[in-house]
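Just so you know, the sequences run in chain order F and P. Residue numbers 1 to 406, in my numbering, belong to the letters of the first sequence in order. Residue numbers 1 to 131, in my numbering, belong to the letters of the second sequence in order.
Just so you know, these hints were derived from the structure itself, not from any lab. It cannot be assumed that every hint is accurate.
What the hints assert, rightly or not - Facing chain P, according to a computed beta carbon distance under 10 angstroms, are these residues of chain F, among others:
id	residue
1	His351
2	Glu383
3	Leu387
4	Tyr388
Said to hold, decoys possible - Which chain P residues face chain F? A few, computed with CB under 8 angstroms, are given here:
id	residue
5	Tyr11
6	Val17
7	Ala19
8	Leu20
9	Pro35
10	Gly38
11	Lys42
12	Lys60
13	Thr61
14	Gly63
15	Cys64
16	Gly65
17	Ile68
18	Trp77
As the list claims (entries may be wrong) - Once the Cα atoms are required to be at most 20 angstroms apart in a straight line, the calculated DMTMM-like pairs of lysine to aspartate or glutamate come out as:
id	chain 1	residue 1	chain 2	residue 2
19	P	Lys22	F	Glu383
20	P	Lys58	F	Glu393
21	F	Lys55	F	Glu45
22	F	Lys276	F	Glu365
23	F	Lys398	P	Glu36
24	P	Lys6	F	Glu312
25	P	Lys22	F	Glu389
26	F	Lys341	P	Glu36
27	P	Lys58	F	Glu365
28	P	Lys22	F	Asp396
29	F	Lys83	F	Glu312
30	F	Lys392	P	Asp56
31	P	Lys124	P	Asp56
32	F	Lys296	F	Glu389
33	P	Lys96	P	Asp121
34	F	Lys210	F	Glu383
35	P	Lys22	F	Glu393
36	P	Lys58	F	Glu389
Glycine residues also receive a C-beta, built at the ideal position from the N, C-alpha and C atoms.
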Amino acid sequence: MVKLPIYMDNHATTPMDPRVLDAMMPFFTNQFGNAASRNHKFGWEAEEAVEEGRKQVAALIGADPREIVFTSGATESDNLAVKGAAWMYREKGDHIITCVTEHKAILDTCKHLEKEGFRITFLPVDGKGMVDLDDLCKAITAKTILVSIMTANNEVGVIQEIKQIGQIARERGVLFHTDAVQAAGKIPFNVNEMNVDLASLSAHKIYGPKGAGALYVRRRNPRVLLTPIIDGGGHERGMRSGTLNVTGIVGFGKAAQIAREELPRESAEMLRLREKLRTTLERELDEVYINGDLDKRLPGNLNMSFAYVEGESLLMGINDIAVSSGSACTSASLEPSYVLKALGVGEDLAHTSIRFGIGRFNTEEEVDYVANRVIDVVRRLRELSPLYEMAKEGIDLKSVHWATEA
Amino acid sequence: MAYSDKVIDHYNNPRNVGALPKEDPTVGTGLVGAPECGDVMKLQIKVNQETEIIEDAKFKTFGCGSAIASSSLATEWVKGKTLAEALEIKNTDIVKELSLPPVKIHCSVLAEDAIKAAIGDWKKKHDDNGK
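Next comes chain P alone, as it looks inside the complex (with noise of 0.2 angstroms):
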């Protein structure tokens, strides 16, 4: 299978890989997949309370090439938004900027699904710090 040069360079040098404390309250974690779809997601974003500004993004991914590739591109793409911003990232503009052919397509919306499952886990704690 051919891969783009973009696919190959997140792979080769995927950006911020590693792990941030689950149980931080500014940290959000999105887990997406499952092992037997042969693709598994680990996305986190530490997030300023004040700006609701993601200062920070950490991944891991079980998966392919281009699963490797969309969320490494979407921990780089969310660093720096407020939350509002991140949630407008569509599946469509990471098959654009990655290249992805038709096959790999669930990989980008895989990748969508992490920063929205983020997203979802960090508000979650927010509310309910708020109680």
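Isolated chain F (complex conformation) (with noise of 0.2 angstroms):
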């Protein structure tokens, strides 16, 4: 028998690895110094973690340990990254790029720097979710500063062209960050082959602990600067002041080292664990969609739409597995994913989707519970959908005069 509720919503956050948490215990209990401490063993000490943390956490991404820049977690690195190039770099240029299906961290931020008089250019994406390297060409000038684009989106999995739309920045001599939150430790994410100037990291995302992260920013070929968002005792090259999350970096840096470890592996096993929820999903029931593209995805990504049945009822026939819906259902109101939105995923079908996020704690009993709910769920709601009635009697439910008053 599995063991209920099960979860399966790994994008959103995932579970500490036990062996992250042994590695920060003495660092909540006697090793307890500050690493800024110059004078004694205790700061001595807690300086030495950290530094393991940043060897760790740079060997991730094939960075040199120089180039990490420690921060509270991914949201702070994109502000830190867009905001800190921004205006670092405003006398050259007023320009940033980036891309509609992009986090709110990167999508807010740029909002942010709209009103200081920065001008934003949000690239759209194809049904897949891709963008279009073309659109990015066209849309640098000779004002544009930055290009920031995710590397693997959130909601839909959907890995970027990131290589290419790193050459193409650096040919045309513009920074390019990108949002590695959710690919790091996922999929092969190495800065130098990817020509990444800035890179935003998360622990939580890699079974390590929440509130930590970290920015990855390029030394050499180019240098970046960037102004800070946090003014203090200048730690982190001055980048990002603040007394340093001793406990939360050295479980980050262990959660680095085991995904780095075990990533062929592990990437692999979530790959066959999707593929078989997929499969099984699109075998039992008609009228199932894959949201964004399949092949260009991250390995334990899912995100499906199931057609006629209504998204909010759907959850309530799984309250026993822990996945996450593409339609926010706040107060009377339905707000589908804007992620959705812009693959032109019509609102109807982004009402019913659900993301899947297999992760590395996720077994295949567990997968087999979960298809097994959903097929039976969406099987019972369809049966009671008037729409799906209509729809096999080839009724377009297009062409229907919808009474919304009646």
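Given two chains presented individually in distinct reference frames, assemble the corresponding complex, making use of the accompanying hints.
Right, here's the structure in full:
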């Protein structure tokens, strides 16, 4: 028997790996020093632990440890990368390019800069969720200072052509930032091979603790400078002041080390489980649709719409499974995901989408349970659905005149 | 979101799910709501021509748990009632019975609308037959 509830929402956060917790424990208790204390053993131990974490995080992305700036998490990293570059290079230009399916930490930061007078281009994506490289080339002007495109999307798991985007940016003398939160540790990600100048990372997406993140900041070819968004003691090469979260960094480092060592085996296993879930659902249910490109996708991600079934009732039926819905039901209004909207997914299908995020600790038994449960509930709700009945009778639902006020 | 026990019961064991023949002169069909709004209810009644008593009722609903429960409850309530009695059912009665929160009141309104639409459809058929 599987243990319920099942956690299958690993894009939101991941459970901490017990090996990570073991590494962190001493720094909660005896080794509590401040890494900035230069005069005693407590400080030296803390600093040593931070530097070890820095090496481990750098190794995950093929960076030099001196290029890692620790932050409170990826939202801060995104803010520091975009605002920091915008403010530092304002005299060079006032134009930033990003994309409509970015995380809110990027979109809202860009909107903030827009109010300060920066010009932002939000590139569209195609029906598969991909940015068009020609669109990017055309959008770059002499005033462009930064391109920020995420490596892998948090909702649909789509992986962008990061290497080519980085190459285009470099050829045009524009800095390239990528939010690699969902990608690092899940797929091969190397800042040098991919021509990345700035990259945001998060510990809790790779089985580490919450409250720890990092920004990769390139030191050579080109050397990237950032205006800090937090001022203070000048920690982290002056780019991010504030006492270092030693425990979090130790955990982040350990999580990065495990992710790097286990990536080939783990990503193959995630893909195997994801494909089992996908093929089972597709075999047993008609009119299910995959949102986003299937091939250029994180191995553990499946985002699927179930036509003629209302999202909230679907989630109610699978309430012993923790997954995420593409429709955020706030008060009485249904607000479908902006990512799915950007992909051109209709409101009706966006409302019925489920994001499955398979992670390190999911088992094949859990995947089987989830598949069976979803199949049962979708079938039952379709038996209940007048729309499914009408569609089966050959009625085009788009042609029906719906009386919204009876 | 927390659902009341009664909503959960109707969601897990919906009463009177199904369809009655739309063309049957003794059947009235109400279809209300719209897919973009996230709720569509189809409620059907089978009416005794002589007594105007609703002898059977069936529903199908696309919508959240509260919408399913509201329409399921509506079919239970209209069965055995005369058309005049069924028209007395108010959405507030449904809200009370199912303990619906304010954000789900529209589900009960839709269920009341569905009852009225089904009765209206039956009456239309009846009047047409009388001509």
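Hint check results:
1. His351: holds (6 angstroms)
2. Glu383: The hint holds - glutamate 383/F has a Cβ within 10 angstroms of chain P, the shortest such distance being about 7 angstroms.
3. Leu387: Status holds, d = 5 angstroms.
4. Tyr388: holds (8 angstroms)
5. Tyr11: Constraint on tyrosine 11/P satisfied, holds at 6 angstroms.
6. Val17: holds (6 angstroms)
7. Ala19: holds (7 angstroms)
8. Leu20: violated (12 angstroms)
9. Pro35: holds (5 angstroms)
10. Gly38: holds (5 angstroms)
11. Lys42: Holds: closest Cβ of chain F sits about 4 angstroms from lysine 42/P, inside 8 angstroms.
12. Lys60: Holds - the Cβ of lysine 60/P comes within 8 angstroms of chain F, reaching about 4 angstroms at its closest.
13. Thr61: holds (6 angstroms)
14. Gly63: Where the cut-off is 8 angstroms and the nearest Cβ of chain F is about 5 angstroms from glycine 63/P, the hint holds.
15. Cys64: holds (4 angstroms)
16. Gly65: It holds, given that the least Cβ distance between glycine 65/P and chain F is near 5 angstroms, below 8 angstroms.
17. Ile68: Where the cut-off is 8 angstroms and the nearest Cβ of chain F is about 6 angstroms from isoleucine 68/P, the hint holds.
18. Trp77: violated (18 angstroms)
19. Lys22/P - Glu383/F: Given pair lysine 22/P, glutamate 383/F holds - Cα atoms ~17 angstroms apart, limit 20 angstroms.
20. Lys58/P - Glu393/F: Judged against 20 angstroms, a Cα distance of about 18 angstroms means the pair holds.
21. Lys55/F - Glu45/F: Distance ~15 angstroms between lysine 55/F and glutamate 45/F Cα, so the pair holds.
22. Lys276/F - Glu365/F: With a Cα-Cα distance of about 11 angstroms, the restraint between lysine 276/F and glutamate 365/F holds, given a limit of 20 angstroms.
23. Lys398/F - Glu36/P: holds (10 angstroms)
24. Lys6/P - Glu312/F: With a Cα-Cα distance of about 17 angstroms, the restraint between lysine 6/P and glutamate 312/F holds, given a limit of 20 angstroms.
25. Lys22/P - Glu389/F: holds (13 angstroms)
26. Lys341/F - Glu36/P: OK: lysine 341/F and glutamate 36/P at ~14 angstroms, within 20 angstroms.
27. Lys58/P - Glu365/F: violated (38 angstroms)
28. Lys22/P - Asp396/F: holds (18 angstroms)
29. Lys83/F - Glu312/F: violated (37 angstroms)
30. Lys392/F - Asp56/P: The hint is violated at about 24 angstroms.
31. Lys124/P - Asp56/P: It holds: about 18 angstroms lies between the C-alpha atoms, which stays within 20 angstroms.
32. Lys296/F - Glu389/F: Status violated; Cα separation ~35 angstroms.
33. Lys96/P - Asp121/P: violated (27 angstroms)
34. Lys210/F - Glu383/F: violated (42 angstroms)
35. Lys22/P - Glu393/F: Roughly 13 angstroms separates the two Cα atoms, so the pair holds.
36. Lys58/P - Glu389/F: holds (14 angstroms)
Checked against the numbered hints given earlier, the structure breaks hints 8, 18, 27, 29, 30, 32, 33, 34 and satisfies all the rest.
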